[in-house]
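K.L.:
Sequence:
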Amino acid sequence: MSIHNTMPLSREELFSSLCSMAKQYSTGIAILDARHIECPFVYYNEPFSALTGFDRTELIGKNLSCFAGIKTAADLLAELDYHTKHALPYETSLIHYQKDDSPFWHELVAHPICDQEGVAQYIMVHSKNVTYEKLFKMLSKLEHEVYLEIEKGDSLSHILQLITTQIETYYTRNIYCSIHLMKDGSSMAAEASGSLPLEMANILYGIELHSMKTEDRNSIFVKQFTKKELAAANEMAHTPLKIDIKHCLSKPICGTANEIIGSITMYFNKEPNINSIEIEFLNRLVPLISLSIKYIAQTQQLRQLAYFDSETQLPNLHYFHTEMETWLQQGEKGLIIIIQPGEYSSIVDVYGRSAGDEILRQMVDRLQEQPSREGKEFIAKFSNSCIIFASNRAFGQPEQYEARIRQMTKEPFGIHGKEFYITFKIGMTHFCPDSQLDEAIRQADMALSKARQVSGTNVAFFEEQNDMKLQLEMDVLNQLTYGLQNKEFYIVLQPKINIKTLEIEGFEALCRWNSHILGPVSPATFIPLAEQTGKIKKVDELVMRQVLRWQRTRLDSNEKTVPIAINISPVHFYDERFVQQIVSLIKRYKVPPYLVKLEVTESMELVDFSKAKDILSELRQHGIECSIDDFGVGFSSLSYLQQLPFREIKIDRSFINAMDNPGMHAVVHTIVQLASNLQMNAVAEGIETPEQFESLKQMGCHTGQGYYFHKPLVLEDAAKLIH
57 MSIHNTMPLS REELFSSLCS MAKQYSTGIA ILDARHIECP FVYYNEPFSA LTGFDRTELI
117 GKNLSCFAGI KTAADLLAEL DYHTKHALPY ETSLIHYQKD DSPFWHELVA HPICDQEGVA
177 QYIMVHSKNV TYEKLFKMLS KLEHEVYLEI EKGDSLSHIL QLITTQIETY YTRNIYCSIH
237 LMKDGSSMAA EASGSLPLEM ANILYGIELH SMKTEDRNSI FVKQFTKKEL AAANEMAHTP
297 LKIDIKHCLS KPICGTANEI IGSITMYFNK EPNINSIEIE FLNRLVPLIS LSIKYIAQTQ
357 QLRQLAYFDS ETQLPNLHYF HTEMETWLQQ GEKGLIIIIQ PGEYSSIVDV YGRSAGDEIL
417 RQMVDRLQEQ PSREGKEFIA KFSNSCIIFA SNRAFGQPEQ YEARIRQMTK EPFGIHGKEF
477 YITFKIGMTH FCPDSQLDEA IRQADMALSK ARQVSGTNVA FFEEQNDMKL QLEMDVLNQL
537 TYGLQNKEFY IVLQPKINIK TLEIEGFEAL CRWNSHILGP VSPATFIPLA EQTGKIKKVD
597 ELVMRQVLRW QRTRLDSNEK TVPIAINISP VHFYDERFVQ QIVSLIKRYK VPPYLVKLEV
657 TESMELVDFS KAKDILSELR QHGIECSIDD FGVGFSSLSY LQQLPFREIK IDRSFINAMD
717 NPGMHAVVHT IVQLASNLQM NAVAEGIETP EQFESLKQMG CHTGQGYYFH KPLVLEDAAK
777 LIH
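The letter at position 652 of the sequence shown is residue 708 when you use my numbering, and the numbering goes up by one with no holes.
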């Protein structure tokens, strides 16, 4: 039955009509008197009575404020009161309390009902209990927030603190929430607590623990604290508890092997009497906490393996690259310095490589003993015999750092119980936001080579001044549009090989450019410039058309076809017409979607995670599978891998090239296992040696590509190969 705000009826006729209408609704309906200053209830139906717990007459004469309680938001209550008293239409959701003081999320939709003069006589209120929807919407939002925090690399304590705080905020009851974690296999300690002090959370949990049967993983434990127990807790605490706590509810948190790894506890000021919605909420909340703990542990393990040298425990060059790229993006400028002990080789020859590692550790310790008073510094292991050092407050002040490093040589270094005076060879160069990091490091390394030519402690600064790189970029930009318009771009195909059977499973399409002016131009040069100028979409489309045309030709000739992967720029990926364009091209060439795969880089999720998920899901609905390219480079992946519908993980070639390092070998192995656990295909890029091939084969890596198998092939050679 529809509602008209104005009905040509008298006040009495309106009331009778509204009551008759309300009786026909299966949901809660209440009628308020808009002419009375307090807008009291004058009628409500049976569903409304059942929803609130009040009988058919108890609320008559009262108004909506009678449902307010301690968790009712004051601003929402004031807004509700204002709209009601001014007979304005409104829709809101807020925490209200039933007759027995049970809280619930109350959705209210109000319509003012006017007489024939346009004067509001009554307000018809639609009422609904939306506790389930609100709690689980909050849980979904909390899950997303947790993944974002994991992705940013926040600590476990910070993430668990976020969870406890959000639960206290959105939970319908007035509670305190804490999370305890198993510390040594037999005892637990509070890792996070919303508004209850951690100290008190630990004390109360110690009392509570005696009543828990921790071998029961699925139960929810409820305990009532005695006055004696609470008094004892206050005596133990440095800050006595000034809040009212009488009961607590705890549920174990289990790990992947169903072992108890922690517990979530809620504290109440009266007996909880939790309902089925709250039980389901807890049952879905606990796995989120468990997953957070697991992911952070995995992230920390991967970070340690990938970012730190296993011998010295110093940050490695990969970590240095990651940190410096962030600095450059933030507009930092300063010095990059590479330092080598002049006596390193002699010490290693006599005392072994561990002695050389010890020298590097002591060098770092001495640098950190006298840090810069301003700005940031970062020190890492550069090579077996060198450390690399960056400062963002040293631009134009190399002499200060030279003096600081020379100061390090005045005291002897201790090796195997003996003391040695060490000299340093030092190479320096500037970096700024316009710098290419690899070039800046190369410049510092070249300066170090010059410093080695002089005996004793010596410093050399990179002095070469030229604009060759800038000129090249300008030339590339000038020719880019011409090249796209005049078919100077073409594709080559690099085979993707089944590591176990050595069969060709597919190709990766790589874009090449042979400029009539510049000659062959490296993709590493033109692709970043194409992205900067917005021309990357045309490059992507060109590659897509050439791939589809080649596939169509082979299909028409009844020749063997295999899937071909195409790299998609993040700039193009987020274009609002991206999916439509891809699907349209595939349909135009009448190529089955499974013969086309799209590769997107790991960083694309940082732009808009939710949109990325929608785009990938839509592509999959059209039968187009996607791979995550260069996996591991950003180390932000674990938090979203299982949420995004990828079919394939491509391990970046920098990891494969460094597999002779035990730490990096372990990283690659972990990624292969992770892909298997997530039922994804692991593809290793840049395989160049038999040793790399054998290692990957033993790990169970499914697919590989690289010069060990085949270099990228022109289309004619690729066609011959798959025959």
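Think of the hints as simulated: they come from the structure by calculation, not from any bench.
Heads up, some of the hints might be wrong.
As the list claims (entries may be wrong) - The calculated lysine to aspartate or glutamate pairs, modelled on DMTMM-like cross-linking and capped at a C-alpha distance of 25 Å, are:
id: 1; residue 1: Lys-190; residue 2: Glu-173
id: 2; residue 1: Lys-239; residue 2: Glu-255
id: 3; residue 1: Lys-326; residue 2: Asp-157
id: 4; residue 1: Lys-279; residue 2: Asp-365
id: 5; residue 1: Lys-279; residue 2: Glu-327
id: 6; residue 1: Lys-190; residue 2: Asp-131
id: 7; residue 1: Lys-284; residue 2: Glu-255
id: 8; residue 1: Lys-283; residue 2: Asp-300
id: 9; residue 1: Lys-667; residue 2: Glu-681
id: 10; residue 1: Lys-208; residue 2: Asp-773
id: 11; residue 1: Lys-466; residue 2: Asp-421
id: 12; residue 1: Lys-208; residue 2: Glu-561
id: 13; residue 1: Lys-432; residue 2: Glu-495
id: 14; residue 1: Lys-591; residue 2: Glu-559
id: 15; residue 1: Lys-79; residue 2: Asp-171
id: 16; residue 1: Lys-350; residue 2: Asp-240
id: 17; residue 1: Lys-208; residue 2: Asp-686
id: 18; residue 1: Lys-753; residue 2: Glu-561
id: 19; residue 1: Lys-753; residue 2: Asp-631
id: 20; residue 1: Lys-326; residue 2: Glu-315
id: 21; residue 1: Lys-184; residue 2: Asp-210
id: 22; residue 1: Lys-155; residue 2: Glu-334
id: 23; residue 1: Lys-302; residue 2: Glu-285
id: 24; residue 1: Lys-279; residue 2: Glu-334
id: 25; residue 1: Lys-326; residue 2: Glu-291
id: 26; residue 1: Lys-326; residue 2: Asp-171
id: 27; residue 1: Lys-667; residue 2: Glu-189
id: 28; residue 1: Lys-556; residue 2: Glu-681
id: 29; residue 1: Lys-197; residue 2: Asp-664
id: 30; residue 1: Lys-643; residue 2: Glu-681
id: 31; residue 1: Lys-669; residue 2: Asp-631
id: 32; residue 1: Lys-646; residue 2: Asp-773
id: 33; residue 1: Lys-184; residue 2: Glu-207
id: 34; residue 1: Lys-593; residue 2: Glu-681
id: 35; residue 1: Lys-190; residue 2: Glu-255
id: 36; residue 1: Lys-350; residue 2: Glu-597
K.L.:
Against this structure, judge whether each hint is valid.
P.N.:
Okay, the hints, checked on the actual structure:
Between Lys-190 and Glu-173, the direct Cα distance comes to roughly 40 Å. Violation of the 25 Å bound is thereby established for this hinted pair. Annotation: proposed proximity of Lys-239 to Glu-255 holds, straight-line Cα distance about 16 Å (limit 25 Å). In summary, the hint linking Lys-326 to Asp-157 is supported, as the alpha carbons are separated by about 11 Å, within the 25 Å threshold. Our distance criterion of 25 Å between C-alpha atoms is broken by Lys-279 and Asp-365, whose separation comes to about 49 Å.
A C-alpha spacing of about 9 Å is found between Lys-279 and Glu-327, which places the hinted pair at or below 25 Å, so the restraint holds. Our distance criterion of 25 Å between C-alpha atoms is met by Lys-190 and Asp-131, whose separation comes to about 18 Å. The suggested pairing of Lys-284 with Glu-255 holds, with an alpha-carbon distance near 18 Å, which does not exceed 25 Å. The straight-line distance between the Cα atoms of Lys-283 and Asp-300 is roughly 11 Å, inside the 25 Å bound, and the hint therefore holds.
Between Lys-667 and Glu-681 the alpha-carbon distance is near 17 Å, which keeps this suggested pair within the 25 Å criterion. With a C-alpha separation of about 45 Å, the suggested pairing of Lys-208 with Asp-773 is violated against the 25 Å cut-off. Taken as a hint, the Lys-466 and Asp-421 pair is honoured in the structure, with Cα atoms around 14 Å apart against an allowance of 25 Å. The straight-line distance between the Cα atoms of Lys-208 and Glu-561 is roughly 36 Å, outside the 25 Å bound, and the hint therefore fails.
For a cut-off of 25 Å, the pair hint linking Lys-432 to Glu-495 stands: about 21 Å separates their Cα positions. Restraint check for Lys-591 and Glu-559: not satisfied, since their Cα atoms lie roughly 36 Å apart, outside the 25 Å limit. For the suggested pair Lys-79 and Asp-171, the alpha carbons sit about 21 Å apart, so the restraint of at most 25 Å is met. Restraint check for Lys-350 and Asp-240: satisfied, since their Cα atoms lie roughly 17 Å apart, inside the 25 Å limit.
Among the hinted pairs, Lys-208 with Asp-686 is consistent with the structure: their alpha-carbon atoms are about 18 Å apart, no more than 25 Å. For the suggested pair Lys-753 and Glu-561, the alpha carbons sit about 16 Å apart, so the restraint of at most 25 Å is met. A C-alpha spacing of about 38 Å is found between Lys-753 and Asp-631, which places the hinted pair above 25 Å, so the restraint is violated. Taking the CA atoms of Lys-326 and Glu-315, the gap is near 31 Å; set against the 25 Å cutoff, the hint is violated.
Distance hint between Lys-184 and Asp-210 is unfulfilled; the C-alpha atoms sit about 39 Å from each other, more than 25 Å. Simply put, Lys-155 and Glu-334 have alpha-carbon atoms about 19 Å apart, close enough for the 25 Å limit, and the pair holds. Only pairs whose Cα atoms come within 25 Å are accepted, and Lys-302 paired with Glu-285 is accepted, the gap being roughly 10 Å. For the suggested pair Lys-279 and Glu-334, the alpha carbons sit about 17 Å apart, so the restraint of at most 25 Å is met.
Restraint check for Lys-326 and Glu-291: satisfied, since their Cα atoms lie roughly 22 Å apart, inside the 25 Å limit. Between Lys-326 and Asp-171 the alpha-carbon distance is near 47 Å, which puts this suggested pair outside the 25 Å criterion. Taken as a hint, the Lys-667 and Glu-189 pair is honoured in the structure, with Cα atoms around 23 Å apart against an allowance of 25 Å. Between Lys-556 and Glu-681 the alpha-carbon distance is near 22 Å, which keeps this suggested pair within the 25 Å criterion.
Taking the CA atoms of Lys-197 and Asp-664, the gap is about 15 Å. The hint holds against a cut of 25 Å. For the proposed pair Lys-643 and Glu-681, the alpha carbon gap of about 16 Å is at most 25 Å, so the pair holds. About 14 Å separates the Cα atoms of Lys-669 and Asp-631, which keeps this hinted pair within 25 Å; it holds. Straight-line distance between C-alpha atoms of Lys-646 and Asp-773 comes to about 24 Å, which keeps the hinted pair within the 25 Å bound.
Among the hinted pairs, Lys-184 with Glu-207 is inconsistent with the structure: their alpha-carbon atoms are about 37 Å apart, more than 25 Å. Straight-line distance between C-alpha atoms of Lys-593 and Glu-681 comes to about 20 Å, which keeps the hinted pair within the 25 Å bound. For the proposed pair Lys-190 and Glu-255, the alpha carbon gap of about 31 Å is over 25 Å, so the pair is violated. For the suggested pair Lys-350 and Glu-597, the alpha carbons sit about 41 Å apart, so the restraint of at most 25 Å is broken.
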